[in-house]
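Q: The listed protein sequences derive, respectively, from chains A and B.
Residue 493, in our numbering, is where the first sequence stops; the numbers in between run on with no holes.
Residue 421, in our numbering, is where the second sequence stops; the numbers in between run on with no holes.
Read the hints as simulated data drawn from the structure, not as lab findings.
We put the CB at the ideal spot given by N, CA and C, even for glycine.
There could be a bad hint or two in this list.
Output of the computed footprint for chain B on chain A, the stretches with three or more beta carbons under 8 angstroms from beta carbons of chain B [as the list claims (entries may be wrong)]: (1) 50 to 57; (2) 107 to 116; (3) 193 to 199; (4) 351 to 362.
Dumping the calculated BS3-like pairs for lysine-lysine here, alpha-carbon to alpha-carbon at most 25 angstroms [as the list claims (entries may be wrong)]: (5) A:Lys457 / A:Lys337; (6) A:Lys100 / B:Lys358; (7) A:Lys236 / A:Lys24; (8) B:Lys281 / A:Lys160; (9) A:Lys118 / B:Lys328; (10) A:Lys240 / A:Lys194; (11) A:Lys136 / A:Lys85; (12) A:Lys118 / B:Lys281; (13) A:Lys194 / A:Lys230; (14) A:Lys136 / A:Lys75; (15) A:Lys24 / A:Lys118; (16) A:Lys240 / A:Lys250.
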Amino acid sequence: MKTIVGLEIHVQLATATKLFCGCSTDYRDDGPNTHCCPVCLGLPGSLPRLNRKAVEYGLLVAKALGMRVLEESEFARKNYFYPDLPKAYQITQYDKPLAVEGIIEIEDDEGHEKIVRITRVHLEEDPGRLVHVAGASKYSLVDYNRSGIPLLEIVTEPDMRSPQEARRFLNKLRTILEYLRVFDGDREGSLRVDANISLEGSERVEVKNISSYKGVEKALTFEVTRQKNLRRRGQTVTRETRHFMEGRGITTSARGKEEEHDYRYFPEPDLRPLRVTDWVAEIDLPELPAARKNRFMAQYGISPNHARTLTGDPKLADFYERVAPVDPALAATWVADTLLGELNYRDMSIAAVPADRIAELLGLLRAETVTDRAGVQVLREMLDACAAGRPSERPAAIVKRENLGRTTGDDFSAIVRTVIASNPQAVEDYHAGRKGALNFLVGQVMKETRGRADPRELGRIVSECIEKGEV
Amino acid sequence: MAGTLDFSPDDRCNAFITTCREARFSDGALAGVAVAVKDNISTAGIRTTCASRILEGYVPPYDAHVIELLRKEGAAIVGKTNMDEFGMGSTTETSAFGPTRNPADPTRVPGGSSGGSAAALAAGLVPMALGTDTGGSIRCPAAFCGVVGLKPTYGRVSRYGLIAYANSLEQIGPMARTVEDVSRLMSVIAKYDPRDSTMLDRPYDHRPSADIAGLRVGVPEEYFGEGVDPRVAETVRDAIGVLEELGASTVPVSIPGMRYALAAYYVICTGEASSNLARFDGVRYGPAVDIRKSWHDAYQEIRQANFGAEVRRRVMLGTFALSAGYAGRYYAKALGARQKIRQDFERALRDADVIAGPTMPTVAFRLGEKTDPLSLYLADILTAPANLAGIPAISVPCGRVDGLPVGFQLMGRQFEDERVVDAAYAYEQEVRA
């Protein structure tokens, strides 16, 4: 059974002010209803005034996705009652969106390139937010800080064939948006997805308001299973809207009034039609992920895998380019593998890591002043400091303080002798020709020396010691 | 010369909803002049009701653009005037604060919806007032009460702070007892405001001139046809004769789209109104909703109880006109008709510099006379076309029928408000002399 998936993605554009007023969009750390004015509160008599930057951001996305910008686009009112919607209508775009017909390339499940068509992108305002106080179920509170935040809605054709493809599509889209610097994926709730999913030959189901990348794959996987099970039992899939319960990983039917909406769209009389095709030529697109990946491979001579990982996030790519001059290959391994792993473990952002200090560490590694293992220890100390909000010490200082400097094997002869003396069985095994014995003994020495010595060199010293019978 | 104006009017016509007994003022072009403001224009610190119970207790935290300008030029805002609820009416009888009476005859309505502003002027309580005009709401009461009122070109006065009834049609405009004062007030309020995106930067800065020699006055047959009281038509023809005596010439013009005007007007204004008034749900304004009920039930109850019958009727009409399956048959057609009317006026205003006709088909109705909504809607037939076309239109008194004032309407090209003011001024100066 073929799975058919189409997405509607709402992304908050990273403008400094709201879509129709001058209120700041940076509200997440502030109290409720502190970023509001007559316009975003929908006070009687207030009028919307379009934020030029939001239009430019929308056009930037349209251009990057190869879309056609409409000669004349138009704002419309979408009318519905909801307590978080202060005007009882949302200003959005209806039959004349900003741009139509674009594409994004992704990898399909077999690893081949495929195209997902973008139907349209349009601008609209975010509503406020209902807050439910624990233990007070009798009422809801409304926070209008989010009201009027600019959203770009991106609608795809039903071109994805699995939940995994949908996830890859979203990752690709996110990367492009971040490269365009129109979107900050680190902000909570900055991306929300409605997914349409059907099995070939069945009705389609809309899953609303999924608020994370992982959530999309989970919700769709759940739906595929649910719909297949229905079919297997001989039941039909009904066309409906469902909600995704993030915590439980399931979708539930949203039957009832909200499905029967007639939004009574009509052109927003308080705004003029938008004629911005002229602006498009003025837009300079930044280097996009695919181009940057190719450049990384050519310019730094790194592997396709490293190049893909490093360019998957513009902040990471920028970081790499700051430390690459030390040694591009060494930097690629350390940033793409070691550093990224440590950041994921700590749930830290690359933005918190000082590139100059990492470059210094790479310098120590390149000069073989420290071993790889000691390098990891230095890195961890630095990241722990960053995570705690402390300025990171210079790597050389950590090396000195912790006595992590690489030492030549001879300095460890005492430790080597002790290890050999206390592991007679391993020595016997070594003499018997068992390879593992040497590795075991070297491991013991490494442990005692806290990784300051080069393992290959240590292997030579340990075997020399045993051969010479210096115990 | 900044100071405070004591304002304790003998308001026997019920022109005001709110009066400010001590109105502060500062220096400027209107220093110390008492200005009354229609109660759908936001005034910081002064309750603004739209003559509706649903806005009970609402005190705007901000001034409308026109109020900022008035204050800057020293005007004393002395009160908020009565009106049809949310501007929906032509009599000022749909106000939740009771009807206003016509100072020319207290058994008659003052017209509407800016009836309070017109009555306050006619009763001599203030020299200047602001009204708003969506389909005739400045010109109708000006005509019925015997004062002057200008509906500016759409986009000439900022709507920021005007509580919307029908956004694409309405404008705030000046009202006074003389054309000169209307022009003075217009010079203060018609200044660019980037917060109103439908506005153009075309400030009005004009002293009226009575020299109209060579002016071509278009006379549309549709303005003198069926439904227009022949005595009113006669009075207005006399007024046109006065313009001719002053050196103007007349040309017959035609607005064939007129027959669609009222239908188009009522579909567009009720459609927009149904959306604009949806925010009044009892959560943020007016009497509080009962939070024990589901919000859907609570909204319904509060809106049922606190909107008047005419507002409910128009909200329902507009909701219907915009609903799926009907929008194409009603709203889309109304926009088409509006386009046609616009073109008709453009064409007529190539042959003529202004267009003249009666403001209202009749003189003021008796209080309670018009009980059937349709006949009331028909009374807008001569005023609504200017709103559909977005052109300036002024009403100036031109005599009486049955002892009641008749309004002479002059319409002009977009952004030629100065020209209609001059024509009205020339007429007024001549008949006063």
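Q: Would you check the hint for A:Lys136 and A:Lys85, treating anything up to 25 angstroms between C-alpha atoms as holding?
A: Holds. A:Lys136 to A:Lys85 sits at ~20 angstroms (cutoff 25 angstroms).
Q: Starting from A:Lys118, check that the Cα of B:Lys281 is at most 25 angstroms away, please.
A: With a Cα-Cα distance of about 39 angstroms, the restraint between A:Lys118 and B:Lys281 is violated, given a limit of 25 angstroms.
Q: When you check the alpha-carbon spacing of A:Lys100 and B:Lys358, does it fall within 25 angstroms?
A: violated, 36 angstroms
Q: Apply the coverage criterion to the stretch 50 to 57 of chain A and chain B: a residue qualifies when its Cβ sits closer than 8 angstroms to a Cβ of the chain, and three qualifying residues are needed.
A: violated (count 0)
Q: Are the Cα positions of A:Lys136 and A:Lys75 separated by 25 angstroms at most?
A: Since the Cα atoms of A:Lys136 and A:Lys75 sit roughly 32 angstroms apart, the hinted pair is violated (cutoff 25 angstroms).
Q: Can you confirm whether the C-alpha distance between A:Lys194 and A:Lys230 stays at or below 25 angstroms?
A: Measuring from Cα to Cα gives roughly 21 angstroms; hence the hint holds.
Q: Under the criterion that the straight-line Cα-Cα distance not exceed 25 angstroms, is the pair A:Lys236, A:Lys24 satisfied?
A: holds, 22 angstroms
Q: Take a quick look at whether B:Lys281 and A:Lys160 sit within 25 angstroms of each other, Cα to Cα.
A: Holds - the C-alpha atoms of A:Lys160 and B:Lys281 are around 10 angstroms apart, at most 25 angstroms.
Q: Keeping to a limit of 25 angstroms between CA atoms, is the pair of A:Lys240 and A:Lys250 held or broken?
A: Satisfied, since the Cα-Cα distance of roughly 15 angstroms is no more than 25 angstroms.
Q: Okay, the stretch 107 to 116 of chain A and chain B, do three or more residues pass the C-beta test at under 8 angstroms?
A: holds (count 4)
Q: Taking a Cβ-to-Cβ distance below 8 angstroms as contact, does the stretch 193 to 199 of chain A have at least three residues touching chain B?
A: violated (count 0)
Q: Would the pair A:Lys118 and B:Lys328 pass a check requiring their Cα atoms to be no farther apart than 25 angstroms?
A: Given pair A:Lys118, B:Lys328 holds - Cα atoms ~23 angstroms apart, limit 25 angstroms.
Comparing the model with each numbered hint stated earlier shows that hints 1, 3, 4, 5, 6, 12, 14, 15 do not hold.
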